Amino acid sequence: IVMTQSPDSLAVSLGERATINCKSSQSVLYSSNNKNYLAWYQQKPGQPPKVLIYWASTRESGVPDRFSGSGSGTDFTLTISSLQAEDVAVYYCQQYYTTLHTFGQGTKLEIK
Amino acid sequence: EVQLLESGGLLVQPGGSLRLSCVGSGFTFSSYAMSWVRQAPGKGLEWVSGISGNGGRTFYADSVKGRFTISRDNSKNTVYLQMSSLRADDTAVYYCAKPCSDGWYWIDHWGQGTLVTVSS
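Residue numbers (the working numbering), protein chains in the order written: chain P, -17 to 94; chain R, 317 to 436.
If you are wondering where the hints come from, they were derived from the structure by calculation, not from laboratory data.
For clarity, every value in this text was computed on a predicted model and none was experimentally measured.
Accuracy of the hints is not assured; some may be wrong.
Below, in silico cross-link-like pairs of lysine-lysine (DSS-like), each with a Cα-Cα straight-line distance of 30 Å or less [what the hints assert, rightly or not]:
| id | chain 1 | residue 1 | chain 2 | residue 2 |
| --- | --- | --- | --- | --- |
| 1 | P | K26 | R | K359 |
| 2 | R | K359 | P | K90 |
| 3 | P | K17 | P | K90 |
| 4 | P | K26 | P | K90 |
| 5 | P | K5 | R | K359 |
| 6 | P | K5 | P | K32 |
| 7 | P | K5 | P | K94 |
| 8 | P | K5 | R | K381 |
| 9 | P | K32 | P | K90 |
| 10 | R | K381 | P | K32 |
| 11 | P | K5 | P | K90 |
| 12 | R | K392 | R | K381 |
| 13 | R | K392 | P | K32 |
| 14 | P | K26 | P | K94 |
| 15 | P | K17 | P | K32 |
| 16 | R | K359 | P | K94 |
| 17 | P | K5 | P | K17 |
| 18 | P | K5 | P | K26 |
| 19 | R | K359 | R | K381 |
| 20 | P | K32 | P | K94 |
| 21 | R | K359 | P | K32 |
Extracted from the complex, chain P is given alone in its bound form (with noise of 0.2 Å):
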């Protein structure tokens, strides 16, 4: 499964809303639990990422809740409601469908 996200980069001004696309080449849901197998990740520079939501919508523990996922099939959508200084990173989607757990290239999210 191929995953495409847009855009690439994006810079949004504090206090504003991001929101980070991510296609997928085939569904990625799982009919028989109705579940979508799509997680969200953050990475800041020099350490590895960290899961913000997973089954395409559910927070993990300790995000903040301007964090929220949406969408199901082929699109999905990663929102930050409120942009703060710490949210600058890079953000991947990634399938957990298949065995072979394939990330979306990435978008590089900065302050206007």
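Got chain P sorted already, so can you dock chain R onto it with the hints?
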């Protein structure tokens, strides 16, 4: 506390071989599938390989299939990545990664990574 500690990253010549190790602690190691994910300098994440908890199932990205071998020793809480026929485009930080629960799910813990440089 879950910890993953990778080792083995080195400078190696093209065509050479290298074995990476990752020791896990703070969880029941044998109950979890484990993966290796790499990141070339300034590039994105690439899932490389995964192995089931008992080692019976292994999976590889097309880019490394036939050159890399993943294995594990649950008595030592260690997963390995044997890399051979190394190429310049294998240069990357290699992360050891643990899923959130038994099975093939999202990654909830990562090691700090070990750098592999393939260059003459």
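Self-check item: Violated hints, by number in ascending order, as checked against the structure
Solution: none
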